[in-house]
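**Q** The residues making up each chain are set out below.
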Amino acid sequence: MVLINSSLKEQVQLLSKIATNDGHSENSPYFEAWKAYDSDPYHSITNPQGVIQMGLAENQLSFDVIKDWIVHNQSASICTSEGVDKFTDIAIYQDYHGLPKFRNATARFMEKVRGDKVTFDPDRIVMSGGATGAHEMMAFCLADPGDAFLVPTPYYPGFDRDLKWRTGVQLVPVICESYNNFRITRTALETAYQQAGSSKTKVKGLLITNPSNPLGTILDRATLEDLVSFINEKSIHLVCDEIYAGTVFKMPEFISIAEIIEEDIKCNRDLVHIVYSLSKDMGFPGFRIGIVYSYNDNVVNCARKMSSFGLVSTQTQHLIAAMLSDEIFVEKFIMENRERLGSRHEMFTQGLAQVGIGNLNGNGGLFLWMDLRKLLKQPTFEAEMELWKSVINNVKLSISPGSSFHCSEPGWFRVCLANMDDETTKVALQRIKKFALQTLGALEVKPKKLSCQRSLKLSLSFQTRDGIMMSPHMSPHSPSSTIA
Amino acid sequence: MKMLAKKAMCNSHGQDSSYFLGWQEYEKNPYDETRNPNGIIQMGLAENQLSFDLLESWLKANPDAASFKRDGDSIFRELALFQDYHGLPAFKNALVDFMSEIRGNKVTFNPNNLVLTAGATSANETLMFCLAEPGDAFLLPTPYYPGFDRDLKWRTGVEIVPIHCTSSNGFEITESALEEAYKQAHKLDLRVKGVLVTNPSNPLGTTLTLKELNLLVDFIQAKRIHLISDEIYSGTVFDSPGFISIMEVLKNRNLTNTEVWERIHIVYSLSKDLGLPGFRVGAIYSNDDMVVSAATKMSSFGLVSSQTQYLLSAMLSDKEFTQNYISENQKRLKQRHDMMVSGLLEAGISCLKSNASLFCWVDMRHLLSSNTFEAEMELWKDIVYNVGLNISPGSSCHCTEPGWFRVCFANMSEETLNLAIQRIKIFAEATIKTINENKSQEQSNKNSKRKSFTKWVFRLSFGRETSER
Chain A
1 MVLINSSLKE QVQLLSKIAT NDGHSENSPY FEAWKAYDSD PYHSITNPQG VIQMGLAENQ
61 LSFDVIKDWI VHNQSASICT SEGVDKFTDI AIYQDYHGLP KFRNATARFM EKVRGDKVTF
121 DPDRIVMSGG ATGAHEMMAF CLADPGDAFL VPTPYYPGFD RDLKWRTGVQ LVPVICESYN
181 NFRITRTALE TAYQQAGSSK TKVKGLLITN PSNPLGTILD RATLEDLVSF INEKSIHLVC
241 DEIYAGTVFK MPEFISIAEI IEEDIKCNRD LVHIVYSLSK DMGFPGFRIG IVYSYNDNVV
301 NCARKMSSFG LVSTQTQHLI AAMLSDEIFV EKFIMENRER LGSRHEMFTQ GLAQVGIGNL
361 NGNGGLFLWM DLRKLLKQPT FEAEMELWKS VINNVKLSIS PGSSFHCSEP GWFRVCLANM
421 DDETTKVALQ RIKKFALQTL GALEVKPKKL SCQRSLKLSL SFQTRDGIMM SPHMSPHSPS
481 STIA
Chain B
1 MKMLAKKAMC NSHGQDSSYF LGWQEYEKNP YDETRNPNGI IQMGLAENQL SFDLLESWLK
61 ANPDAASFKR DGDSIFRELA LFQDYHGLPA FKNALVDFMS EIRGNKVTFN PNNLVLTAGA
121 TSANETLMFC LAEPGDAFLL PTPYYPGFDR DLKWRTGVEI VPIHCTSSNG FEITESALEE
181 AYKQAHKLDL RVKGVLVTNP SNPLGTTLTL KELNLLVDFI QAKRIHLISD EIYSGTVFDS
241 PGFISIMEVL KNRNLTNTEV WERIHIVYSL SKDLGLPGFR VGAIYSNDDM VVSAATKMSS
301 FGLVSSQTQY LLSAMLSDKE FTQNYISENQ KRLKQRHDMM VSGLLEAGIS CLKSNASLFC
361 WVDMRHLLSS NTFEAEMELW KDIVYNVGLN ISPGSSCHCT EPGWFRVCFA NMSEETLNLA
421 IQRIKIFAEA TIKTINENKS QEQSNKNSKR KSFTKWVFRL SFGRETSER
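Respectively, the protein sequence lines represent chains A and B. One point on numbering: in my numbering, the residue at position 206 of the first sequence is 206, and numbering is uninterrupted. One point on numbering: in my numbering, the residue at position 170 of the second sequence is 170, and numbering is uninterrupted.
Read the hints as simulated data drawn from the structure, not as lab findings. Glycine included, C-beta positions come from ideal geometry on N, C-alpha and C. Please note that a few of the clues may not be correct.
[Claimed, not checked] Below are the DSSO-like pairs computed for lysine-lysine, each with C-alpha atoms no more than 27 angstroms apart in a straight line:
#: 1; chain 1: A; residue 1: K101; chain 2: B; residue 2: K69
#: 2; chain 1: A; residue 1: K433; chain 2: A; residue 2: K377
#: 3; chain 1: A; residue 1: K200; chain 2: B; residue 2: K6
#: 4; chain 1: A; residue 1: K234; chain 2: B; residue 2: K6
#: 5; chain 1: B; residue 1: K153; chain 2: A; residue 2: K202
#: 6; chain 1: A; residue 1: K101; chain 2: B; residue 2: K60
#: 7; chain 1: B; residue 1: K6; chain 2: A; residue 2: K17
#: 8; chain 1: B; residue 1: K69; chain 2: A; residue 2: K86
#: 9; chain 1: B; residue 1: K153; chain 2: A; residue 2: K17
#: 10; chain 1: A; residue 1: K86; chain 2: B; residue 2: K60
#: 11; chain 1: A; residue 1: K17; chain 2: B; residue 2: K223
#: 12; chain 1: A; residue 1: K433; chain 2: A; residue 2: K250
#: 13; chain 1: B; residue 1: K6; chain 2: A; residue 2: K202
#: 14; chain 1: B; residue 1: K381; chain 2: B; residue 2: K353
[Stated by the list, open to error] Short, incomplete list of chain B residues facing chain A, as computed with Cβ under 7 angstroms:
#: 15; residue: F52
#: 16; residue: L59
#: 17; residue: F76
#: 18; residue: A80
#: 19; residue: L81
#: 20; residue: A118
#: 21; residue: E125
#: 22; residue: C130
#: 23; residue: S306
[To be verified] Here are some, though not all, of the chain A residues that point toward chain B, as calculated from beta-carbon distances under 10 angstroms:
#: 24; residue: E58
#: 25; residue: I66
#: 26; residue: T88
#: 27; residue: S128
#: 28; residue: M137
#: 29; residue: R161
#: 30; residue: M282
#: 31; residue: G283
#: 32; residue: A303
#: 33; residue: K305
Sequences and hints are given; from them, build the entire structure.
**A** Put into structure tokens, the structure is as follows:
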């Protein structure tokens, strides 16, 4: 046995620390639910009792609009007879500036998604391997190993990998709480900043996601202006992940950091950078279209060189350039997409409300931030885990527990709602309702055995009845594909 | 400026090298047959443009793959959503088969050991992250591809220590050179984690000999370090001796599934063999499960577009197509290579004897004004600005001897190549003439100095004036 151990140790030493540590963040127990889904995926006909995936923030609602465009625009593919004469030029083009028409079309699309209230310079657009690659690239450009970024909680679990793993950068949480709907307060920012300082950690920037993942809310003007003044005061960078900008389906209107910057002449623009992608707004995660947009020339130059490590396939650039240059299509898509997201959101929130389940009032993203605090046996993360585990196995819904998003309060869950058809949505809602009623029933029985305090909590909880479904957070990879 | 990371402000991206500067000059004044016939001809970019017609005709004959269809049904949605970093199974299967075919089917590859990356650029960087800590070193034979300075070192903090190869033996890797490099690393207090070779070599255009491959295996066994074999040009071997993959060597030495087996990693890409650099298709092949696992997770930072994976899985699964492509491509490369070599010979310029790749390693030592890198730079600038050819100076490839240049031949039409050769001929003739004139001027200066001294002595001796020539 000793021999085996020492050979494993040797084996580990042959590789780097990065290759053998947990920095990839995939060892989180929450991947159990992914495995549960992968091994038992729901299918309306072949596996109606299977696990429904609600832990994957995909946008599948508007593919028909896109497919229609593709069928009528054969030349957008360099492989069709209409487009093949461009094949050679596209296939050999490896300039890391990207195809000019791709940058132009992307800049224009980003403007349209923001209601034409801002302008983007195509020369500031830098490609990356998805938003995943963009975030890592930003960390490499803006920070040295050991430096830190402040990140408001709850936040997308992938940041732990994207910003930290290979870069050696740290994340310091800015705690946001439910009492004020998880708004980012100046107090919370200052606390986090001081905390970093006291451990002699140099803060290089603040990373925000707007619209928020997992909250599904947008930042209001006052908060955005406060963030801008904070970063200017501290002379740190502001990285705004606006990957869900096109998913805002109802008022209030989305305000991009670009809008704030254009209005605020005092702001040091060299500190502001935007991360974007077409994975959520358009539903193209497979095409790996990530964008870094920086107002800082040096960052643009550096990021461009680094983009060599994750350029967008020119085949894809060509397709996207054609698609996003079609202004009529873009307008139609944005509108249609918003409408459908809105309807789906409405369907969900109403369905949940019928069993007394509430959620944070949001108007963007591809998910709900569901409030199941009152269904916990105790207000602890252990109770959250217990509930979540039992739901994967019994209710067979894969949703993501708040703790995987570093939420400071137990009992919140992210539920994705745009990655399934209407029928599946109905099935999912049915399951939640049934479970909620069952669980609540069970909890109502239990109060006799519990302490007074507990009974008090439970009787208060009668108002909102939540079903709890458990699933992991967004995995770095999608479930097994049906493509051969 | 302190606001950015050190990485953002240093030169480790390597783009101030003459290799990249030459490209910039080309961009400012690119040759075009009709619009800019006096422009600079790009010979510094190792692209394979010789066989696109084969790809295009396959596409025309296979419309389904091209237009997101499988058996006539649209699979657009599935592809658009597919972001599994394990890659499209059909694509990986087709890719390993293609890799096998290139190696004459003498070795087979397991698709589960293949990791897809955004080009070989990303593959090489990812392997560094997996195998080395910041401050560790990899040994690389010189001359080597300038991009390695960025890919292996920039964001990883890994160092490169050169294994010096010289023209005395055709730049082959020797045991003493390996040992010397290893010692040098230790002198610099660097821990050596492995050796990285490019086979076929960039910029030499030669395949590693069996002797060199065995030497490498012995060396990494003795030192217990890794060996990365960048085989990105494996499909461009057009002449004997054939290509011997590192996997073949291990197999023949019965080293399969031994300890050293797990320390061998291959990097591949479709940028050179198929001429598709724009599609960003790279791969790492490793026999070490932990490396495969770590690299797979890291590939999240640079996955291959599913659209591209799907197209290429269809193309590479067509065995008739791949067999024909591989052999036709090699024929055309050979023809182009021979054209370049004979053309240069007529200009009195020789090349290192090569059997692969998209370029020649050209010997212009005799055109240097002095045996120095300054003279090489002078010559290079002359060639870029006055002759109008962007070629890559050996110093940018870390060659230890001045006077060698990498010249690409597969990224232009035959007419353009002929024109380039004509330009070189004129330039070479003129340069040699100037050199000879300088030499004889120097000689006659020396002679006349001697003569006048003799005359002076004579005058002194005989007190008579003598006129000088």
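**Q** Are the hints correct? Go through all of them and say.
**A** Hint by hint, here is what the structure shows:
no. : hint             : result
1   : A:K101 to B:K69  : holds (26 angstroms)
2   : A:K433 to A:K377 : holds (19 angstroms)
3   : A:K200 to B:K6   : holds (19 angstroms)
4   : A:K234 to B:K6   : holds (20 angstroms)
5   : B:K153 to A:K202 : holds (24 angstroms)
6   : A:K101 to B:K60  : holds (25 angstroms)
7   : B:K6 to A:K17    : holds (22 angstroms)
8   : B:K69 to A:K86   : holds (20 angstroms)
9   : B:K153 to A:K17  : holds (17 angstroms)
10  : A:K86 to B:K60   : holds (13 angstroms)
11  : A:K17 to B:K223  : holds (20 angstroms)
12  : A:K433 to A:K250 : holds (26 angstroms)
13  : B:K6 to A:K202   : holds (14 angstroms)
14  : B:K381 to B:K353 : holds (26 angstroms)
15  : F52              : holds (4 angstroms)
16  : L59              : holds (5 angstroms)
17  : F76              : holds (5 angstroms)
18  : A80              : holds (5 angstroms)
19  : L81              : holds (6 angstroms)
20  : A118             : holds (5 angstroms)
21  : E125             : holds (6 angstroms)
22  : C130             : holds (4 angstroms)
23  : S306             : holds (3 angstroms)
24  : E58              : holds (6 angstroms)
25  : I66              : holds (7 angstroms)
26  : T88              : holds (4 angstroms)
27  : S128             : holds (8 angstroms)
28  : M137             : holds (8 angstroms)
29  : R161             : holds (7 angstroms)
30  : M282             : holds (8 angstroms)
31  : G283             : holds (6 angstroms)
32  : A303             : holds (8 angstroms)
33  : K305             : holds (5 angstroms)
In this structure, none of the earlier numbered hints is contradicted; all agree with it.
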